[in-house]
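**Q** In the order they appear, the protein sequences are chains A and B. Numbered per the working numbering, the first sequence finishes at 480, counting up by one with no gaps. Numbered per the working numbering, the second sequence finishes at 510, counting up by one with no gaps.
Simulated from the structure, these hints should not be mistaken for laboratory data. All C-beta atoms in this analysis are idealised placements derived from N, C-alpha and C, irrespective of residue type, glycine included. Among the hints, erroneous ones may be present.
[Stated by the list, open to error] Taking lysine to aspartate or glutamate pairs in the DMTMM-like style, the calculated list, with each CA pair at most 25 Å apart, reads:
#: 1; chain 1: A; residue 1: K311; chain 2: A; residue 2: D275
#: 2; chain 1: A; residue 1: K131; chain 2: A; residue 2: D60
#: 3; chain 1: A; residue 1: K131; chain 2: A; residue 2: D93
#: 4; chain 1: A; residue 1: K360; chain 2: A; residue 2: E403
#: 5; chain 1: B; residue 1: K342; chain 2: B; residue 2: D313
#: 6; chain 1: B; residue 1: K252; chain 2: A; residue 2: D27
#: 7; chain 1: A; residue 1: K384; chain 2: A; residue 2: D180
#: 8; chain 1: B; residue 1: K342; chain 2: A; residue 2: E423
#: 9; chain 1: A; residue 1: K360; chain 2: A; residue 2: E289
#: 10; chain 1: B; residue 1: K212; chain 2: B; residue 2: D179
#: 11; chain 1: B; residue 1: K498; chain 2: B; residue 2: D313
#: 12; chain 1: B; residue 1: K212; chain 2: B; residue 2: D404
#: 13; chain 1: A; residue 1: K384; chain 2: A; residue 2: E352
#: 14; chain 1: A; residue 1: K360; chain 2: B; residue 2: D313
#: 15; chain 1: B; residue 1: K252; chain 2: A; residue 2: D93
#: 16; chain 1: A; residue 1: K336; chain 2: A; residue 2: E212
#: 17; chain 1: B; residue 1: K252; chain 2: A; residue 2: E403
#: 18; chain 1: A; residue 1: K360; chain 2: B; residue 2: E322
[Said to hold, decoys possible] Partner residues aside, some chain A positions facing chain B, computed with beta carbon under 7 Å:
#: 19; residue: P415
#: 20; residue: L470
#: 21; residue: P475
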Amino acid sequence: MAAITDVALAVNHFGLGARPDETLPPDGRGYLLDQIETYSAYTEPWSALPASADVLTADMQAQYALRGQSAQIRSDAQRDRMAAQHDIYQNAVQARALSALLTPTPFIERLVHFWSNHFALSVEKGAVIGLAGGFEAEAIRPHVLGRFEDMLIAVEHHPAMLLYLDQTTSIGPDSPAGLRADSNKTMGENAPKRGLNENLAREAMELHTLGVRSGYTQNDVTEFARALTGWGVAGPVEAAQTGRPHADPENNSAPGTFQFFPARYEPGDRTVLGRQYSAQGEEQGLAILRDFAASPSTAQHLAAKLARHFSQDTPPQRLIDRLTRTFLEKDGDLTAVYHTLLAAPETWALPAVKFKTPWEWLISSYRALGRQDLQDIKFAQLMTQLGQPVWRPGSPEGWDDIAASWAAPDALVRRVEMAQRLAAQAGDWRDPRALARLVLPNILSESSATAIAHAESAVSGLALLLVSPDFLRR
Amino acid sequence: MQRRDFLRCAVIAAASAMFVPRVVFAKAATERRFVFIIQRGAADGLDTVIPYADPDYARLRGAAAVESAVRLDGTFALHPSLVETAKLFTQKQALFMHAVASPYRDRSHFDGQNILETGGTQPYQIKTGWLNRLLSLLPHEDHEAVALAPTVPLALRGPIDVISYAPSALPQPSDDLLLRVAQLYQYDHQLHGLWSEAMSARSIANGADPGADHSRKNSANIGAMAAHFLSQREGPRIAMIETDGWDTHTAQTGRLSNQLKTLDTLVASLRLGLGAAWDQTTVMVATEFGRTAAANGTGGTDHGTGSVAMLFGGAVNGGRVLADWPGLSPGALYQGRDLRPTLALDVLVTAAVSECFGLDPQQAGHVLFPAMKADYRAIMPLLRQ
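With the rest of the complex left out, here is chain B (with noise of 0.2 Å):
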């Protein structure tokens, strides 16, 4: 691929309810696509590709252990939800990173987030994203951009410019949102009825379970319309998707399945509609760090450290799950209580998207991470040359 090629950027965005994907896009005169999912919320990776070998994960999760998992290898299985997902690891178009996690190592979302989209190792310290200064490292004659969201997300954001675009439809609330509400009135004498009864009325009008299936739906909706703009000769090469409602403090058994087979949907949407240019494309999906080893008291599990990344394309060296695995003993958890990272989330994004565009590892990660140290060489190839 010739680096002079890349011509123009641009920048597509689109919100949607209760997943609430949005994309990004940016353009560039390649063949090659890169396509990065974000979880925003902190996806358990444990519950996602799960070390159904390691003795300790039973333990640990007691009831709420993922029953009937696929196995992927003689450590890992995939959640069952994980179905077009599946097909894509035999297919040896899936690589899973386990045990990984970005520099980050306290447990707020928000700082989190903002380290994994900015490449910084303090939160608020880089103004601008990684996703945007990649594009710098692409020449480019025209920035135009337009984004289909209310506004660009902070991965994308900096100096190359973004016109963003939003859809007149107003967003159900997420039922994430909704469960922090109840929480939030939970001692209001007032409005804790109130709210009560709204949500009473509102399960009412909607029927059993509305949420998953209209996420589902909407998900393969925004899947196809990413790909369809990646897939136009003319079209943008980068998208960006942001996914939530990660966050599964309770009842996660339920909620971690459905959050999965949306996003399994999405990944089978994006293939499908990408038909022949699948090849050519890489799609990233990372959370901002993962979640307690441990069950809490009430089926869920709290914020914690490593989790899972995963790489998707027809291009990808798939088929495995890349993983220094540091197992789940007490003594080998994280401060005694999460999964300790041992893959570097910032050096797998900059292996990723230098191959994927042919750039020097070394001088990407200068521009992406600027704090980062790296070694390759055990990690890559990530693609296959």
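Isolated chain A, as found in the complex (with noise of 0.2 Å):
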């Protein structure tokens, strides 16, 4: 029995949902730790999608050529250019969307989900929307299994990330640029106003890393935004804001990816947190980057994370305390943590207390339903009725992982509504008493199989099973 129970929690709590035509594994812990291994970031449909650095270059372009333009071509262009955005946005969450349903490794693309809402963008900044999905591919992916700073650094460099947090217009005052736009102003022309931007500084330190309250102080974020100047994308969009084709003609970097611009770093030793940094240009960000990823506070912010959404809303203590050893033991490898998180009698914990999000809640209906495709399906917009749209949670914070957020009458309301039109487009293909036994083997309630058994016709015993509450939670 308990070990039916593992295999249950191993596809259902740690992985996506069970699928009714995938086997079950015959040991919970082994079928996770064998995703670990067999884990790759770049499959279908992520690989048909297009790069980030790709994406924005072709609208840097587009922006470009419009220079001069009357004010009528610029606004038409500026539809097109936000409609042709879009359909790349809609497409990158079709990709997410089938990648969770048909996935071979439930458990790290679960990780990936975790990290990308971790280091969370919100498209209703028209700059990103286009660039959403590759900086999950880019950012995220490559690096849920590695180390922490690897993909911390991998997301500070991400243009998705700079141009989001405002990076790409932070200036230090005294840096070349800074001082010769100061100039400007002194001449009295009608110069923009440039200066630091500590967007990117502060969130870094207070939601990628470190944590709110983790003992920093204003000057330690200004010290670090200082540092960070210089942190831009390269390409035609850089050229239009400096007014030069080509703002470094030494960088090679590729447009569309990260350029460290030396016109706009603030020159000068920093100091962080009690720590001087006097490496200078690009090495200083780093290094602080590096120092916030190694520090205890990052790790117990990380692993209350990890905790909290592998256990309960208040994980228990003692599993933070596990999981910030081995971060800190193991230097940020994040295999290491999830073998903790694995190794913990805390994460496969019945009855299942997770409620679900929308997103967790609408992929898991789907594999339940045995879907192989989205044909005919606008995951966006689903997603969007449900009240999590892909990749807009409204701030860098990313959305919460508790059970009082999800949980609300009109939600559960939508989601009965939802539940309906899912298994009235999967019709009475399969007993649904069958079903549920299926997909909650050992953890379908009494009261819920015999709701489910008791429907008025299969339909909505479907229904019911998709919003019962040993299927609403996990």
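Quick one: dock chain against chain with the hints and give me the complex.
**A** Following this line, the structure appears as structure tokens:
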């Protein structure tokens, strides 16, 4: 019995939900550990998506070409541009959902979703709507089983994050570019106001690494922001902003990728959290980031989030402590942290208490219905109807991972409506009683089984399965 | 009618709210039309065509017994919600068949509907539906098909291809589903409170009893749409309409009354929309099984066995109730609780479609209900020749 329960938890709690067309593994933990070995970052349908550098370059070139055109032409082009970016976004959401439906490594896929939400961007900022999919594919997926520091640097180097948190506009006041802007102003020219932007520095400390109220001061944030000056994106958009076609002739970064701009870098030593950083240029920001990645505050912050995701909304402190210890002892090796997670009895507890987010619920529903494709399904639209538009949490903090944010009266009604629609699409292809036992092995409660068995039609039985308390939680 | 005249088949279905009638059509070059209306959830035959003269009816139903029913003959009366249906009966265009059941003798909706639609004797034994196999009996040149629903119901599934076309509007959850969700969350301390809150907000927003009204309007639309397709010169000749909400375990008096009003509206709108074609139309209504003879403790009835089937149409040999009435005395009840079936639903279906399309009932029965042993003499003719 215990083994069956472990298998059910491996599939439904650690994975993305059982599929009736997949045989259950003999051993839950072994099944999850195997996935660490077999995970592949760039499989279909991710590999079919355009690279964010290409998306960004094409977009920047289109914008650059409009310089000097009439307002009408520019406004029409702007509309077309946004529509094109929106299409790219929707395709990326489809790819993400399809990957979640069909992946052979659903536990690792869940971890990708976890880290993507940890390093959240939000596509209501028009500049990143076409880049969100590429960000997850390029900054998260390759690093999900690697060291945290590598993922962190990939994230902070990624054009999507640099644009989302305004790093591309940050200029050191005493940098060559800052001094020039200043002198323009004293000359009375209508120069744009340029200077330090702390957005990325603050969120990288508060959300990505150390955690809020972990002991840093405003001065630490400002110092880190100074160290990050010069971090930007190569290509025509930079040329447009500086008024020069090539900001730095010596730089050979490909358009649409990370580029360090020495002209914007604030020169000087920095002091962050009491430690002095005398390296100059890009290396200064990197050195600080690496120290953040290795900080005990970061370890605790990440451990608490992982523990919350895999145990309960208020995770046991001893679990957080064990994860923290592994993170620090193993130098931020995420796979080592996952091993600790899988060895912890607290993450294998029943009854299931984690209330699924709309994303988790919809993915697990389609998996339970044996769906093999997303033809005629607009996944982005469904997620908006369920109240969790993909890559649009509204802030860099990402989506909440507690029931209080998702278990609400109206949200529940929407799930029931959606369940009815999904069940009607599936039809009476399968006996819902048998399906319920198949996808919730040993965790289907007696009362849910009875309610499903007494439904007045197979379609209604399927809908009840999808909204049963056992299926709403993982 | 010439069998060689059958040309092609098309299937159309439509989905909508609460009563959720979904229609499916098939095309054939004939002037005869056949409409199959399935009542999903086990409709209570005893409160639809009421055996008022049976002294045990009032005893078994007690306070839940139907009042002001319309007398049909010396034994049976019609539920007062079936106003238009009663007029058809007077015009001899409605035939009720009582104490009817499929070969299924257990009490699971899924299994019962599966047998009703596949024509098998064991659930999930046959993979195709009898309406699809009926199409295969009719010569055809073109199998083009359209369904105005997300899926094609099992009765119409099979080797003859059907394309489905889903309407874009998201159907509201049916009242039945909402009720069942409430029961499902009854003992869940988190979900129970949330659901109660959601439902009270919903009823405030909607005003009093919005579902019933909406559902009737909807049903009239479905009936009119089905009739529109069926009455076209080149239109489909076979339709299937799915209805649900019949599983009245609680508060049956009000719920069944609403259900029957909706069914009444559906039949009336079919007749109205078909116009002259009504004379060539046969509408059959059937459910997977009946409900307990006695009322339960919550003003409802539980899963039973024998129920009612109905035939409507200009050619129906109607104005009568066809029944070999077994009675409702304790000794007469099936397993001591249900109306004992004395008429086989598969025989009635075979007779009705055979007469409608001029097929040989023995041959048709072999294809539609392979395990059936039938004697048609006792029940035919169901249509006027």
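**Q** Against each hint, give a clear statement of whether it holds in the structure.
**A** Taking the hints in turn, this is what the structure says about them:
no.	hint	verdict
1	A:K311 / A:D275	violated, 34 Å
2	A:K131 / A:D60	holds, 19 Å
3	A:K131 / A:D93	holds, 15 Å
4	A:K360 / A:E403	holds, 20 Å
5	B:K342 / B:D313	violated, 36 Å
6	B:K252 / A:D27	holds, 19 Å
7	A:K384 / A:D180	violated, 49 Å
8	B:K342 / A:E423	holds, 21 Å
9	A:K360 / A:E289	violated, 41 Å
10	B:K212 / B:D179	holds, 24 Å
11	B:K498 / B:D313	violated, 49 Å
12	B:K212 / B:D404	holds, 16 Å
13	A:K384 / A:E352	violated, 37 Å
14	A:K360 / B:D313	holds, 14 Å
15	B:K252 / A:D93	violated, 41 Å
16	A:K336 / A:E212	holds, 23 Å
17	B:K252 / A:E403	violated, 51 Å
18	A:K360 / B:E322	holds, 21 Å
19	P415	holds, 3 Å
20	L470	holds, 6 Å
21	P475	holds, 5 Å
Hint compliance for this structure: hints 1, 5, 7, 9, 11, 13, 15 and 17 are broken, all remaining hints hold.
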